[in-house]
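Those sequence lines, one after another, are chains A and Z.
According to numbering that gives the first Met the number 0, the residues represented by the first sequence are 0 to 159, in order.
According to numbering that gives the first Met the number 0, the residues represented by the second sequence are 0 to 542, in order.
No lab work stands behind these hints, which were simulated from the structure alone.
Please read all numbers here as calculations on a predicted model, not as lab measurements.
Yeah, the Cβ is synthetic: ideal placement off N, Cα and C, and Gly gets one too.
All the given hints hold, so there is nothing to weed out.
The list that follows gives simulated cross-link-like pairs (lysine to aspartate or glutamate, EDC-like), each with its CA atoms no further than 20 Å apart: (1) Z:Lys469 - A:Glu101; (2) A:Lys71 - A:Asp27; (3) Z:Lys469 - A:Glu114; (4) Z:Lys396 - Z:Asp437; (5) Z:Lys295 - Z:Glu316; (6) Z:Lys133 - Z:Asp431; (7) Z:Lys295 - A:Asp19; (8) A:Lys137 - Z:Asp408; (9) Z:Lys469 - A:Asp92; (10) Z:Lys121 - Z:Asp401; (11) Z:Lys332 - A:Asp19; (12) A:Lys137 - Z:Asp455; (13) Z:Lys295 - A:Asp12; (14) A:Lys62 - Z:Glu473; (15) A:Lys67 - A:Glu1; (16) A:Lys6 - A:Asp48; (17) Z:Lys363 - Z:Asp176; (18) Z:Lys180 - Z:Asp437; (19) A:Lys137 - Z:Asp457; (20) Z:Lys295 - A:Asp27; (21) Z:Lys411 - Z:Asp455; (22) A:Lys62 - Z:Glu316; (23) A:Lys144 - A:Glu114.
Examples of chain Z residues lying across from chain A (beta carbon under 10 Å, computed): (24) Asp72; (25) Arg227; (26) Gly301; (27) Cys305; (28) Glu321.
Some chain Z residues judged to face chain A by a derived CB distance under 7 Å, without partners named: (29) Thr33; (30) Gly300; (31) Ile319; (32) Thr384; (33) Gly385; (34) Tyr466.
These are the residues of each chain, in order.
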Amino acid sequence: MEIDLKKVDVIVDQYGCNRDSLISILQDIQAGYHYLPEEVIRQVARRLDLPLIQVYGVATFFKAFSLKPRGKHLVHVCLGTACHVRGAPAVLDEVKRQLGVETGDTTKDMKFTLETVNCLGACALGPIVVVDGNYQGKMRPGKVKGVFKQYRGAIEGKQA
Amino acid sequence: MNKLRSAAGLEQLRNRIMSQRDPERTCVVTSVGTCGLARGAAGVAQAIATELNKDGLKGTVDFRTTGCHGFCDIEPVVVIYPKRIVYCHVTTADVPQIISETVAKGKVIKRLLYTNPATGRKIVREQNIPFYGKQYRLLTDSIRFVDPHNIEDYIALGGYTALCKVLFDMHPEEVLDEISKSGLRGRGGAGFPTFRKWEAARNAPSCDGVRYIICNADEGDPGAYMDRSLLEGNPHSVIEGMIIGARTIGSHHGYVYVRNEYPLAVDNLGIALEQARQYGFLGKDILGSGFDFDVKISRGGGAFICGESTALMASLEGRIGEPRPKHIHTALKGLYDRPTNLNNVETWANVPLIINRGANWYSKIGTEGSKGTKIFSLVGKVNNTGLVEVPMGITLKEMVYDIGGGIPDGRKLKAIQTGGPSGGCIPESLIDLPVDFDKLTEAGSMMGSGGMIVMDEDNCMVDMARYFVKFLTEESCGKCVPCREGLDRMLDILTDITEGRGKPEDIELLEELGDVIKEASLCGLGGTAPNPVLSTIRYFHTF
Ligand SMILES: Cc1cc2nc3c(=O)[nH]c(=O)nc-3n(C[C@H](O)[C@H](O)[C@H](O)COP(=O)(O)O)c2cc1C
Ligand code: FES
Ligand code: FES
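With the rest of the complex left out, here is chain A (with noise of 0.2 Å):
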């Protein structure tokens, strides 16, 4: 994806370059590209004033935050305590064999990243699975399969 660092800067004033928002400016910039480029880390750095250690710092320290690019579709499994007790791991499991990847990593296609959460804040209706922001509650290892069938098919249908 190519990096456009004028978006940087838009996002950057929206917030009036202020340091107290660098967790929040980084968040919009990895909506765009679903992970912070190299280039974009520097350029927050310059933009802030801040030490580029501090910026890498920040971008590695929360979970939220990825330095490798991402899929096309964000997988998330929420492992929280409710989603837990009601099953959530051997979900997880399925998931992984799914997709073949481990939790972090993405599909050979680039299409599907795999992270897990630790509560969504959706517990009643645990286990959860999200993909790119859509919920789906109540989890079972069966229903697992249907949830990627539909995204697989949609992408392969707007493709074709």
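With chain A's structure known, arrange chain Z with the ligands on it following the hints.
Structure of chain Z with the ligands alone, referenced to chain A:
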């Protein structure tokens, strides 16, 4: 809308809003909080809007989308006022019938009603659903009446009148006194008396007079989501509480630190802040009182440790969210080394209520040491899952059976986990325990943020203990040795036990490790991390 310039201006606005509303008029309400949306509530809301237009009912029927009503398990929910007829698990396909029969003709559609699992009977009205029976929804009830995108709904309920009282009729010392008498304790976990923090931040010297107010909406406890629900559903109650706190402490800058996993809460809060500014409740010269205060949103990055006060402030300053030792309290030296007052979302939401109805009234609710209500997320192996607001002191039994409707599939209750990763598991034998700050601590657990995770006979207690230790090992910032290395060692031992390699002396070693980690860790994460293991040993070592 012109900025309001006085208490009288707010009064007039409220009268105008009320005169345009007729409580007897039919109003269709659907909840579009995160749990509802996860079940397709957006489509249902869209279909209702379209259908109301089509039938030419527009103008005669009101329609409102709100945050979560609490009974997450029956989402998507549609309620028809004034009769409060409630339909559950509604799909878009059900909408035309709801409009043509119930809205237009007042006829009840039986198949969409809630069935009481205990009796097999259908229940028509929301208030008769047993889930709501023992609740006391002081903070959460208004969510039903408020479209979070419409500040006038909040004003119609008397919103911002507490702020008026504080700005025009009360000295900050009187506000402190009222909060003190109310007995309000922080809802973020430790239950620290709120007025003492406020007082410390108010009296602390500041080199340039700057003081900060922060709302902790990090809600890192896995399994708890009351803060999300309040911010999504009734953001103005939190904002109003913060302005009152700011005025009392003498702060002009506030932050809400909210986790990024809650996108809807971030959106709704942002809209509410913007409207509050437009109406003159935030910004310069609030309501013409001469007091200035504004609030910024800061999004977290998904680190549990950032709920801890010093780590939260570090990350707000754009640094790594690592805690520091707290010999100097953040009330004295917090954000940018200025006096800073940090309170939880639910704590802030209690404030307008106390000012409006008085400390006397408030302190009659709850127990001796824990006043008011508490919102719990009742989840896991329980029939009625959702957010439950109850007076402090209600028993676990009432929570699990009367409100929660018991354990699914006729299984046996084994334990209830409270307090999240800092808490512990309470065994079935203590089911009559009243729930408040002190009783839970005595039982070796904690209130925490209010997660209540019910476990049945199929859940393994050692697995649960291991789950929390693993969570905390991953979330420890790694700055101090006892927490970093100690938790890692605990995890090894627990893994051995769950995989059949346990040794009898392991229990003793776990207890010893636990005591050291508790005592020697740098921050509250390590300080409470062994709790789930220690409480499990205390109650379940015979399993
Ligand atoms: C590891 C750790 C995580 C915490 N997470 C939260 C949190 O997510 N939300 C919260 O309100 N308080 C959290 N707390 C407690 C806060 O540090 C602080 O005590 C609280 O926000 C103060 O507000 P209160 O007095 O209104 O309870 C956490 C504490 C620790 C040690
Ligand atoms: S534990 Fe999974 S959504 Fe809360
Ligand atoms: S690393 Fe946080 S308490 Fe030690």
